[in-house]
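Enquirer: Got chain A; can you put chains B and C on it based on the hints?
Protein chains in written order, with our numbering: chain A, 6 to 395; chain B, 522 to 864; chain C, 1422 to 1966.
This list has only true hints and no planted wrong ones.
Straight line, CA to CA, 20 Å or less: simulated SDA-like cross-link-like pairs of lysine to any residue:
| hint | chain 1 | residue 1 | chain 2 | residue 2 |
| --- | --- | --- | --- | --- |
| 1 | B | K810 | B | G828 |
| 2 | B | K574 | C | R1763 |
| 3 | B | K667 | C | G1565 |
| 4 | B | K764 | C | P1553 |
| 5 | C | K1794 | A | Y58 |
| 6 | B | K792 | C | N1825 |
| 7 | B | K591 | C | I1927 |
| 8 | A | K379 | A | H361 |
| 9 | B | K569 | C | I1927 |
| 10 | C | K1600 | C | V1624 |
| 11 | B | K667 | C | V1554 |
| 12 | B | K686 | B | V770 |
| 13 | B | K591 | C | W1766 |
| 14 | C | K1478 | B | I858 |
| 15 | B | K730 | C | N1572 |
| 16 | B | K574 | C | G1761 |
| 17 | B | K795 | C | P1915 |
| 18 | C | K1600 | C | D1521 |
| 19 | B | K764 | C | Q1747 |
| 20 | B | K574 | C | I1930 |
| 21 | A | K379 | A | T304 |
| 22 | B | K764 | C | E1931 |
Derived by calculation from the structure, the hints in this document are not laboratory data.
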Amino acid sequence: MGNVARKRIGEIAAVGTKIIPWEQVSHPDGANAVPISSPRPMVIRLDRVSKHYGGDAIAAVEEISFSVEQGEILVLLGPSGCGKTTTLRLIAGFEAPDGGRIEIGGRTVAHDTTFLPPEQRGVGMVFQDYALFPHLTVQENVAFGLHHLGAEQQRNRIAESLDLVGLSTLQGRYPYELSGGQQQRVALARALAPGPQVVLLDEPFSNLDADMRAQIREDVGSILRQAGTTAIFVTHDQEEAFVIADRVGVLNHGRLEQLDHSEAIYHTPATRFIAGFVGSADFVPGLVQGERIITELGTFPNQQGLSVGQAVEMMIRPDDIDLAPDEASEATVLTRQFRGADNLYCVHLPSGRKIHSSQGSTKLIEPGTRVTVKANPTHVVCFNINGLAQ
Amino acid sequence: MAHFRRLVRRHLSTRLLSSWAFLLTVSLLLHVHAAASASELVIYSGRKESAIKPVVDLFERQTGIKVALKTGKTSGLANEMLQERGRPRADIFIATEAGVCEILAKEGLLEPYASPGARAMPAAHKSTRGLWTGISGRARVIIYNKNLVRESDIPNSIFGLTEAKWKGKVAIAGTRERTTLAWLSALLEVMGEAKAKAYIDKLLENGLKVLPDNSDVWRGVGSGEFAVGLTNSPNYHLALEAKLPVGVVYPDQGPAGMGVLVNPNAVAIVKGAKNLDQARRFVDFLLSKPSQELLVHHAFEIPLLPGIDPGLVRPLAGFRALQISQERLADLEDKTIALFPGL
Amino acid sequence: MVSSDVRRVELGGLGTLWRSQAAALGTPAAVGTALIILLTASPLVNLLASAFAGGSKVFAILANSSTLSLIARTVLLATLATLWAMILGLPPAWILTRTDLPGRRILQVIGVLPLAIPPYIGAFTYITLLGPVGWVNTTYRAMGAGGPIVNIYGLWGGALVLGLFTYPYILLIVGSALKGSDPALEEAARAAGLGPVGIFLRVTFPLLRPSLLAGALLVFLYALSDFGAVSLLRVNTFTTEIFHQLNTRFDQRNAAILSAILILLTAVVLIAQRKSLGRRSFVQRRSGTRPPTIYPLGRWKVPALCCSYLVLSGSVFLPIALLLYQTGSPLNLLHTLIAGHRYLWNSLWTATVAATVASGLGLFVAYLTQRRKGLAGLLLTSATQLGYAIPGTVLGLSLILLYNAYLPWIYGTAAMVILGYLLRFLPQAVQGSTAALVQVNPNLEEAARSLGRSPWQALREVTVPLIRPGIAAGWMLVFISSMKELAATLLLRPAGFDTLPVRIWIASIEVDYAVAAATSLILIAITALPLFLISRLDATVSQLD
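Same shape as in the complex, but just chain A (with noise of 0.2 Å):
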């Protein structure tokens, strides 16, 4: 990979609009960057955004707003038909909201009555088939955003981009000849040669081999942060989420849910969709006393403040749950299903209702034993019967 240092990655000029020339502080220890701690100038601000079709029938969007700081990995996460790809394409502007406000760059992009098109947003977009023009070759590809530069300019920015990305060597190639994962990097190489303030990804590894994402998504990632661009993601892969991302926005429906850190997304939900979508989680009754939160499981603190006398489900993931062989448990194993690096067991407990545990690859329980089972939840997350917690 090239070693970008501090430099101009590029001015957007497109047709009509101020140069807004702006530089990109690359991270001293390139990939394994991690988010400065001072505040950085907001590149995208969204203010309430809500999208309808049909009339007000459908909601794809609701009343999103979040902003993303420059140089900053989001990734949305969500299923399909939550709204993230409408999000984002109304950040990159092929949709205008019906509500809302969209700022980037600190420009007020669409809001009432303004809307300005896209090519005039300086957003760069890698889509899902990666959309790269067939009638081209690399270079030509690349080179389709830089038609404002001089043809030196252009030639030193299609190698540095082509560079970025460790595709040199196929400049001439067509892109029918590439492999699925050098589409991919050229589609990324060509939305970022003109230097955009945001780049826009939708799902962009869904179209890869299995084996191939894990390697294509670290690589994706740390050209990412070597140019210091700002990145929004679109994924319904919550491991590609966590892994690549900076904060995780979780949408259902439409809406927000959450946006924050991916350990706290997954550690504490915020509702009890994100709960279940994000890893496997099982949901046990319990009754808030007081300090303690009272369930079949056993009693747990009541670490989110809620109120007595409430009826609460808590949430509790399979690596939280212990299991041990005890003839005198009335817990039982139902059934094992070896996962490779662990055994999952579905566990019934006495009162009819059934828990996952994970355990070790080698530790075999057969179905029927009777267990104990043990919560050892780090979090504990309750939600009380809307689904959202408390």
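Expert: Same frame as chain A, now just chains B and C:
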């Protein structure tokens, strides 16, 4: 397939295509403009091309005036002229019979012109108001196939064709041919409505074959498809020229007979013609000796002007013609059309 | 901070439509749409207006028995022609795509050639062969056997000829469906124990029904609107009756009323066609990755070959041979070519201009309907399809009525002929561009926009280069159809401006067979080449007219 695609992509760049498209559109606009200011003499001719083209060609050669010729059915062309009434396209109208000219004259579509050549034209074959002039004529005759029928078998009168022995053997062109229309109108005038309708009905009952065109009639008789045909005199000569075994009979020639209808081909100048002078010259030319001789010798038409050598054609003096005025034929047209839908 | 160059877009109505689509071409597109709709719809509207201006006369004509028998005869002719086309087209479609018949690839290409022979030329050749004084009858009579045994004139002859020269539609559409179908279903049937015939009847044929119906409706529409062939073969249908009215009466209202009835008939058929297809295109893309099953013919090889060659003989070899014979000598051909070079030029020029303008408009319409799914696209599609539904005679008449009244400076020029071609064949250009456009990922244009191109630039630099072959195919379709067009040209041509079909027509009417044959050969030679080129592309041939 792939090869073709590559071919197209390589050679047909967008720029090439758009400049080509631009050029074509420009040529189109230029053409429209040119057409608007053309100085060609526009002739609408109901007389078919093979008959009239030699005359037109001769005219072009002798005078150097360019002609744009549109041939079609006389009625159809008259229709067009009525359509174009506000901005006439045609300068000259040539019709296969004169009744239509009278109709157009009534509509005020014709420009009067007394050509010096028309002075010698008999009054029956030109407009009383100088709005149209006959050129040459064609007689309604019976042609027959010599191999199938003997001349003595042919009835002396057209009314004899209703006999049973002619069942399915007689052909005629329909009223799309104006000469047929004029003939029917003449029947109406001579016999009265009832008798004429009865006659035609009997003919139809007897299996009269109605063909779209006179060419079909003489070809059909010549080939033996039909034994007998009611058509115009030039077609007999055309059949002979095509070496077909046909004969001709001029019916109703007896002292009490009604005679044979002669349809004059007529020429008229359109009112508002753009090339009035040239139109006049054309009319003069049509009535001049070279043109007349072409029409008589090449198209086998009957000369209406004196002093033209008839050649193979039986001249006006050689048979008895039905006397009827063209205005009368024009007046009867609507009734004719209504009475004889089968044709 | 709002910079001065941020575009302000009005809210409400059309503005919201554009804004919400966010890829607006804006005002030019709206104006273009309005113009195209005006261009295509106005002749029809004017025609219907003048037809119904007759008031009660309309109903009198409608109720007239001769009109009713006219409707019956026209529909009967079209039905017979369609049935005949299906009989001719279905077996070869199956034989050429699903069996191991030797030389089937060549046959597939030749099988399309009848489309280069306009039915009026086909009619004329069959008259010389099977007419009352044609070869067959003269030979028969020479053998002393007596009266004519076959007469091509009339309803049955008309159906025969029409079906014979339109069966390629069935062949192509059904063949394409057969080529692209999934073998899994038939394999499942075979596993269930069905033999080849059983498989065809129970599995293949039901799946073919949509494409068969599509092809059949295409042929039916064609037969309904044909003029040249039916008039030469002396069948009295709507088109010939309209033509007759225009050439006999001095009142065009009768013709207009008959035209209105004919339009109603074609509209009914067209609606049925659209309903049966839904949103499906004519050509099915291959769904599976495996090619369909090929059945070995074994001892059926010879009969299959005979069947295929028989059909091809009747529709290609025989007519061409007859034409060559009628022409006499190559010298005659040359002479006709030189004498009629002006007509050749007229044909080429009008067809080229019409094809070019149609391609431009077609691209516009295709782009708007594909990329902007809204009311504008729907209106445009319907408006451009109008010309497809209107027979040539009727279109000619409606254009005359409209332009003579309101745009007289165009009337009477060759522009009218070009306009006729344009309106009649615009759907083919739209189809060509659409077929190509659906294969282009819309993300490509969005990618271009994210890289700083305006929608117009994206169209020019990304989309058009990719769909150029589709545009070219559409161009050629319109070119071929315009070269062959007779009925509208007869009505629209200005004085002295004849095209090749018109010359063939005049020569046929005046029974000048040598000239007719020679001119026909010239016409076929010119249309065969682009036809051959297009048949190498899939997806667009089904729209040939």
